[in-house]
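Enquirer: Next come the chains, spelled out residue by residue.
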Amino acid sequence: MSLRLAVATATLTGPTDTPSPVEPPRRQFQFPVLRDWAVPASAGAALVLWCVGLRPVTPGQLGSVGLVTALSPVLLASYPVLLAAVLIELTAPRPRQRLLAACTALGVLLVYGLQPASEQTARLSAAWLHVGFIRYIADHGQVLPAFDARFSWPGFFSLFALVSRAAGVPDVTPLLQWAPTVLAGLATLGIRALVSNVLDPGRTAWIATWLFVLTEWTEQDYFSPQATTYVLMLAALALTLRYLVAPRLAAVGPGVLRGRVVPSGTPGQRLAVQGAVLLLALALAPSHQLTPYVLGGLLLIMLLARRLWAGWLPWLVLLLALGWFSLGAKDFWQGQLQMVIGGFGDVSASFNQGVSGRFVGDAGRQLILLVRVGLAGAVGALALAGGWLLRCQRRLGWVLGLLAAAPFGLIALQSYGGEVFLRCYLFSLPFAVILAAVAVEALLRPSPDAWVLRPSPKLPPSPRRRALRLIPVLALLTGLGLGTVMARGGNDAYTSFGRADVAAVDYAYQHARTGQHIEAVTSDVPLSSARVGEVGQSTLETFCPGLVHVSQCVLDTHPDFLLVTPSQENDGRIYYDLPAGWTSALVTELTASGRYRVVFDQDGSQVLARVVPPTPNEPRKE
Amino acid sequence: MTRRITAGALLVLSLLTGLSTALDLDTPLRLYLVVAFVLLAPGWAVAAHLRADRPALEWVTAVGLGVALATLLAQTMVSARSWHPVGAMIVLTVLTAAALLPHLLPGAASAAVHHLASGVRARRWGTDPDAKASP
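Here the protein sequences line up with chains A and B, keeping their order. According to the numbering used here, the first sequence holds residues 1 to 622 in order. According to the numbering used here, the second sequence holds residues 1 to 135 in order.
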C-alpha cells in the first residue's frame with residue numbers, strides 16, 4: 001500500500017524529477033564524486049573543441065550540402081562531448097540547475113552561433129531586406145504603402161526603427177549577424193519556462209529544453225518579425241500555463257473535467273497575468289501575420305479542454321489579431337482577398353508547395369531536405385511514444401498531443417508561400433518536445449516497468465550500468481544535434497554572403513540615382529537593405545523562369561546595375577542545374593554586347609553598370 | 001537581495017540609455033545599450049511584481065513585456081504619423097527608472113508596498129485567493 005502511495009506521489013509531482021525513494025544517497029558512490037568536476041570540465045572541453053575547430057567560411061567554398069562539409073571533425077566532436085556532460089548531470093540524483101542552465105546556454109552557442117562565428121557577415125537576404133524596411137520607417141516615420149505585404153504588419157520594423165533612431169545609427173546592420181543566436185537563446189528560455197509549467201522543472205523538463213535546442217532546424221530565428229513574435233508567444237504561453245491553467249496539462253486525473261478549476265496563486269496575480277498576456281497579444285497583432293492566430297488557437301484548445309481559467313482570453317487575442325487585419329492591414333487584403341482566402345481548404349496545394357514542390361535541385365540539396373524531413377519525423381515519432389507513455393502512466397496526454405498537432409491545421413488554411421509546413425513544425429515544437437522528452441527520459445530508466453512507473457523489483461543498477469544506459473540516448477541526441485547543424489547550414493552555399501557581396505551592394509547604392517534600377521539574377525544578395533522606395537531593387541528569378549537565356553533576360557529588363565556574386569553562382573548550379581561558371585559566362589556575354597561594363601569586382605562579387613541607355617522603343621519588361 | 005541587485009543594475013542601464021540618447025553620444029556601443037535596455041529593463045520592472053518562482057519564467061516575461069511595450073510605443077507613433085523616436089525613448093527610460101525604484105526599497109518596505117497593492121486588488125475583486133476548491 002505504502003509503495004503504491006509512493007508511486008502515486010511520484011506520478012503527481014512529476015515522475016522524473018524527484019529522486020526515487022530507494023535511491024542511495026549521492027556520496028555513497030565514487031561516480032558522483034567524479035561527476036562533480038567531470039561535467040563542468042567536459043562542457044569546457046566542448047567549448048574549447050568548438051573554438052579550436054572554427055574556420056572562416058565563404059560561400060565560394062561551399063557545395064550543395066552546405067556548411068557541414070566545411071566543418072572540421074574537431075568542431076563536430078564538441079557536440080557529443082557537451083551532450084555527454086549534460087546527460088551525466090541529468091542522471092545525477094540531484095542535478096545542479098545552474099550548471100545545466102550554463103550547459104544549455106553553451107548548447108545554444110554551439111548550434112546557433114556556428115554560422116555567425118564562421119561566416120563573414122549576416123546570412124539570408126530576408127534579414128537584409130528587413131534592415132531596409134526599418135531604415136525606411138526610421139527616415140520617414142511611416143510605412144511605404146502598397147510596397148510589400150510585410151509592411152502591413154510593421155510592428156517589428158517600427159520597434160527597430162525606434163531603436164536605431166534612439167541609438168543614433170543609420171541602420172541596424174550590426175545586429176544582424178548574431179541575431180539568430182540571441183533570438184534562439186530567448187526562445188530556448190521561453191521553452192524552459194513553458195515546459196517547467198507542464199512538467200516539474202527536473203530531468204524531463206531539461207530534456208525537453210534540449211530537444212528544442214537540438215531540433216529547431218527551421219532557421220526562423222534570423223532578424224525577423226517571426227523570430228521576435230515567437231518569443232512573445234512563448235512568454236504568453238508560459239505565463240498562462242503557470243498562472244491561468246489548472247490542473248496542469250500533464251497532471252494525473254480524468255481526461256475530461258466537468259468544470260474549470262481555479263489555478264493556484266492570488267487573484268491579483270491572475271489579474272496581472274491576464275493583463276500581461278493581453279499586452280503581449282496587443283504587440284503581436286500588428287507584428288506578424290500568423291503568430292497571434294496560433295496563440296489564440298492554442299489558448300482556445302486549453303479552454304475547450306477546460307484547463308484555461310480565463311475564458312475570455314483566447315477570444316480577445318483572436319479579436320485583436322482580426323481587428324488589425326481588418327483595419328491595419330487593409331492595404332494588404334484590399335483587391336487581393338481571393339489570394340488570402342483562395343487556399344482555404346486546399347490541403348493538396350499546401351502540400352505541393354510546402355513539401356513536394358521543394359524537392360528540386362541537385363542531390364546535395366535533396367539530401368538536406370531529407371535530413372529536415374527526417375528530423376521532423378523523429379520528433380513526431382518520439383512525441384507519439386511520449387504520448388503513449390503518459391497514457392500508460394495515467395497522466396493526461398491528449399491535451400498536449402492536441403496542442404502539438406493543432407498548428408498543422410494551418411495547412412488547411414494557407415500555403416503561406418510554400419512555407420506553411422515549416423511554420424507548423426516551429427509552432428508545434430513547444431508541445432511536441434514535451435511529449436518527446438517523456439519518451440527520451442524513459443530510455444534513461446532502469447527497466448520497461450519503470451517507464452510506466454510500476455514499482456520494479458530489481459535493485460538499483462550499478463553506476464556502470466547507469467553509464468551504459470546513457471549511450472543510446474547520447475547517440476540519439478547527438479544524431480538530432482548534428483542533423484540540425486547539417487540542416488541549418490544546408491543552404492549556406494547560396495544563403496550566406498561574404499563581405500565582398502555587401503561591398504558590391506553598397507557600391508550600387510552609392511552610384512544609383514533616384515528612380516534607377518538595381519537587379520540581381522537570383523535573390524541571394526543582401527539587397528534592399530537601403531534606399532527602399534527610392535531605387536528599384538529586384539531579382540530576375542520570377543521574370544526569367546529556370547534562368548534559361550539569362551543574358552537575354554538581363555538585356556530585356558536592362559537594369560541600371562546588375563549584381564553578380566558567388567552565392568548566385570552556387571544557387572544556379574544547385575537549384576537550377578546550371579553549369580559551373582554560368583555567372584562568368586553571363587558577365588562575358590553582357591560585356592561583349594557593349595551595353596554593360598564591370599564597374600566593381602572584389603573576390604568574385606561584381607557590379608555591372610549599363611553604359612548604353614535604353615532606346616524609347618525598348619521598354620523595361622517586368 | 002538578488003532582486004535589489006537586479007533592479008539596481010537595470011536602473012543604471014536605464015539611466016545610461018536615457019543619458020546617451022539625450023546627449024546623442026557618438027559611440028558604437030549605444031546601439032547595444034539601447035537593445036539591452038529594451039529587452040531587459042521595462043519588462044522586468046513590470047514582471048518582477050509577479051514574483052515568479054522560476055528565473056526562466058521571470059526573464060522570458062521580462063523580455064516579452066519589454067519588447068511588447070516598446071513595439072506598441074513605436075507602432076503608435078507610426079500609425080499616428082507622429083514620429084518622435086528620441087523623445088519617446090527618453091520618456092520610456094524615465095518611466096522605467098521610476099518603475100524600478102520600488103524594487104530597490106529595503107525588503108520590508110518593498111514587501112509592504114507589494115502586500116498593500118495585492119490587498120487592494122483582492123478587496124476590489126472580492127475573491128479569496130486560495131480558498132476556492134475544484135468543482
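Since the hints were made in silico from the structure, they are not lab data. Fair warning: there could be bad hints in the mix.
[Stated by the list, open to error] Which residues of chain A face chain B? A partial, calculated answer using Cβ under 7 Å:
1) GLY155
2) ALA167
3) SER196
4) LEU322
A virtual CB, placed ideally from N, CA and C, is assigned to each residue, including glycine.
Enquirer: Hints first: check each against the structure and report whether it holds.
Expert: A quick look at each hint next to the structure:
1. GLY155: With a minimum Cβ separation of about 5 Å from chain B (threshold 7 Å), the hint on GLY155/A holds.
2. ALA167: With Cβ-Cβ at 4 Å, under 7 Å, it holds.
3. SER196: Given a least distance of 6 Å, the restraint on SER196/A holds.
4. LEU322: Violated, about 17 Å.
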